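Asker: Here is how the chains run, residue by residue.
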Amino acid sequence: MGKPEPALELTGRVVDAADILSPDFEEQMTAILADLEEDTRVQLVVATTPDLNGYEIETYSLNLARAWGLGDKARDDGLLLVVAPNERQLRIDVGYGLEASVEDEEAGEIIREVILPHFENGNYEAGISAGVDRLIEEVTPYDLKVAA
Amino acid sequence: MNLKTIVRGIALAAASLSLAACGINSVPAAEESAKAKWADVEAQFQRRANLIPNLVEVAQGAAQNERAILTEVTEARARATGINISADDLGDSAKVEEFAAAQSQLGAGLGRLLASFEAYPQITSNQNYLALQSQLEGTENRIAVAIRDYNEAVRQYNTTIRTFPDTIGANIIHGAEPLVPYSAVTEGAEEAPQIDLTSN
Numbered sequence: 001m002g003k004p005e006p007a008l009e010l011t012g013r014v015v016d017a018a019d020i021l022s023p024d025f026e027e028q029m030t031a032i033l034a035d036l037e038e039d040t041r042v043q044l045v046v047a048t049t050p051d052l053n054g055y056e057i058e059t060y061s062l063n064l065a066r067a068w069g070l071g072d073k074a075r076d077d078g079l080l081l082v083v084a085p086n087e088r089q090l091r092i093d094v095g096y097g098l099e100a101s102v103e104d105e106e107a108g109e110i111i112r113e114v115i116l117p118h119f120e121n122g123n124y125e126a127g128i129s130a131g132v133d134r135l136i137e138e139v140t141p142y143d144l145k146v147a148a
Numbered sequence: 001m002n003l004k005t006i007v008r009g010i011a012l013a014a015a016s017l018s019l020a021a022c023g024i025n026s027v028p029a030a031e032e033s034a035k036a037k038w039a040d041v042e043a044q045f046q047r048r049a050n051l052i053p054n055l056v057e058v059a060q061g062a063a064q065n066e067r068a069i070l071t072e073v074t075e076a077r078a079r080a081t082g083i084n085i086s087a088d089d090l091g092d093s094a095k096v097e098e099f100a101a102a103q104s105q106l107g108a109g110l111g112r113l114l115a116s117f118e119a120y121p122q123i124t125s126n127q128n129y130l131a132l133q134s135q136l137e138g139t140e141n142r143i144a145v146a147i148r149d150y151n152e153a154v155r156q157y158n159t160t161i162r163t164f165p166d167t168i169g170a171n172i173i174h175g176a177e178p179l180v181p182y183s184a185v186t187e188g189a190e191e192a193p194q195i196d197l198t199s200n
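Heads up: the sequence lines are chains V and Z, in that order.
Residues in the first sequence are numbered from 1 upward in steps of one, following our numbering.
Residues in the second sequence are numbered from 1 upward in steps of one, following our numbering.
Rather than coming from a laboratory, the hints here were simulated on the basis of the structure.
Bear in mind the structure is a predicted one, so any value in this text is a computation, not a measurement.
The beta carbon of each residue, even a glycine, is placed where N, CA and C say it ideally should be.
Possibly wrong hints are sitting among the right ones.
Straight-line distance between alpha carbons at most 25 Å, and here's what the computed SDA-like set of lysine to any residue pairs gives [said to hold, decoys possible]:
1. V:Lys-73 x Z:Gln-44
2. V:Lys-73 x Z:Arg-148
3. Z:Lys-95 x Z:Glu-42
4. V:Lys-73 x Z:Asp-40
5. V:Lys-73 x Z:Arg-162
6. V:Lys-73 x Z:Arg-155
7. V:Lys-73 x Z:Ser-26
8. V:Lys-73 x Z:Val-96
9. V:Lys-73 x Z:Glu-98
10. Z:Lys-35 x V:Ser-129
11. V:Lys-73 x Z:Ala-144
12. V:Lys-73 x Z:Lys-35
13. Z:Lys-35 x V:Asp-72
14. Z:Lys-35 x V:Gly-97
15. V:Lys-73 x Z:Glu-152
16. Z:Lys-35 x V:Pro-50
17. V:Lys-73 x Z:Arg-47
18. Z:Lys-35 x V:Gly-69
19. Z:Lys-35 x V:Asp-76
20. Z:Lys-35 x V:Arg-75
21. Z:Lys-35 x V:Gly-12
22. Z:Lys-35 x Z:Ala-144
23. V:Lys-73 x Z:Ala-39
24. Z:Lys-35 x V:Tyr-96
25. V:Lys-73 x Z:Phe-164
26. Z:Lys-35 x Z:Val-96
FRET-style restraints, in silico, Cβ to Cβ [to be verified]:
27. V:Asn-121 x Z:Asp-92: 27 to 37 Å
28. Z:Asn-65 x V:Glu-125: 43 to 53 Å
29. V:Asp-133 x Z:Asn-171: 54 to 64 Å
30. V:Pro-85 x Z:Arg-112: 26 to 36 Å
Bound conformation, chain Z alone (with noise of 0.2 Å):
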């Protein structure tokens, strides 16, 4: 073995090594992550809008009052299942927030509704309704989760497209944007209906 190869060799394994350190791999990985994340936040969403038209039969042993919220939240159901992100869309802020706004909004008017379904003993004790408002608080913890998880992977992500020398590849190679976290536009909106389970 000469000299002339044994350079190369630590050549070669040099660039191989700033390669690896430069963000040709770690910023498809942060950014595959967060799609993934996002599918998943989408899924629950879905899930939660796929519950809603069992909610009408409940309903019917309701008041005028209870229906015109029923009414809202099928409007509104309407309107969030209309928008859809696509993950290409995950770095358009406008694009998110509108998302945001309308999931927010449904939330926010079944939170409503089945607080105003409390006034009725004969909905609230009704098995049906039970199993319903069960899987509608556990699609709500489902989608937090999913919503705290997205955000995670888009910190990392964000984070390491800024981060020398990751940056370097994210903004030469890959022409990387940062994402958009997702913040429920009102307050509480995500957080489940608080349903006390302690007796009274």
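Chain V with its partners taken away, still in its complex shape (with noise of 0.2 Å):
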């Protein structure tokens, strides 16, 4: 299947597209994607968008995240976490492989319970944040953990 064009470049684990993150965070959160790589192989970017080009959430993000090949092919582990500021849209993205960590619920529960307050607040930084913690907490096997 060919692959779609994607509608923002991949320019590295934290895509601020929209332009709403500080360049001190982005290197911050880039060293923490780095290290879950690193330690579960898992691949985490978040992205945030100043426009979605007229599309649903749902369409835009996983254009993303198949365009951009996150995760391994076989694995299909990639998360990708979508930021729509104008479009005051959110919405987190997760490979097939990941459904049994990530499961439906506790996406809808990072989102509305562990995004969205900081967001309403103004503090996308607080939020992506918070989100990408819960997120890591989630796919880091529990002897990863203990050993942290």
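The two chains are supplied separately, each in an independent frame; assemble them into the complex guided by the hints.
Answerer: As structure tokens, then:
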């Protein structure tokens, strides 16, 4: 199947196309996400977009995840957190290989209870940071948590 | 090595080349891919059907009107799960449409039911309901993705069997028939019920 043309360029683990994050935050978050991949092999990317180009966020984020080829092809263990501040939309995309780790109700809860309260106060960085922490917790195997 | 073997060698090479190009392998491969994608479509519809009994408990807190919609939904579920499409039926547009109509009806009923629950703060603040709502929403998304992937596989297969030189193998050797793309009968029926996740 042909890969769709990505709406955003995959420039790193944090793609802040909407320009709502500070360079310091991006740097810290990139380090956290790099550690995650080293520990668990899971690729998690945080993306912000100024414009969904008229798409539903479900379609937009799925196209991004597929066009970028997040996660290992066989394990399908990519994770994508997309924030569209102007449309006030937010989504977590979970590769099929991680569905048991991040179930629908957990993803929904992370959005509702962990991320949105910060976003409602206008604090995108705190929301993303808290959401990423929870996602990392969900995908980190128990023995790694004990070792940490 | 005499001339004859060289000629035979060339002829053999040419024969295997043309066989590779005439759909001997590409047609069944495209067909298998489409059938595998269909299995995923069915699995995701089944996943949705499996979640519906959990709504019965939620609806206990609602009024008569919502319970009537729930009855409709459980009936639609029974109809939808009663129709199965085997891989061999995928070229049968009447069967595929019947299946799609039943699933669309179920999806539409489910969407209305969830929307009607919005009027009940005691339901929408219930953790079990919120979890179920996320599961249903996630499943609708998976259904949409599975259908999209299936239709893409069907498009590739149908293109393969109609395009020279694959069409030779498709017609003569495999007797390949085109497959029917899946289209949701009700406009928007396969879209996830829209839940506004932003604040009020």
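Asker: Taking each numbered hint in turn, which are not upheld by the structure, reported in ascending numerical order?
Answerer: 5, 8, 9, 10, 16, 21, 25, 27
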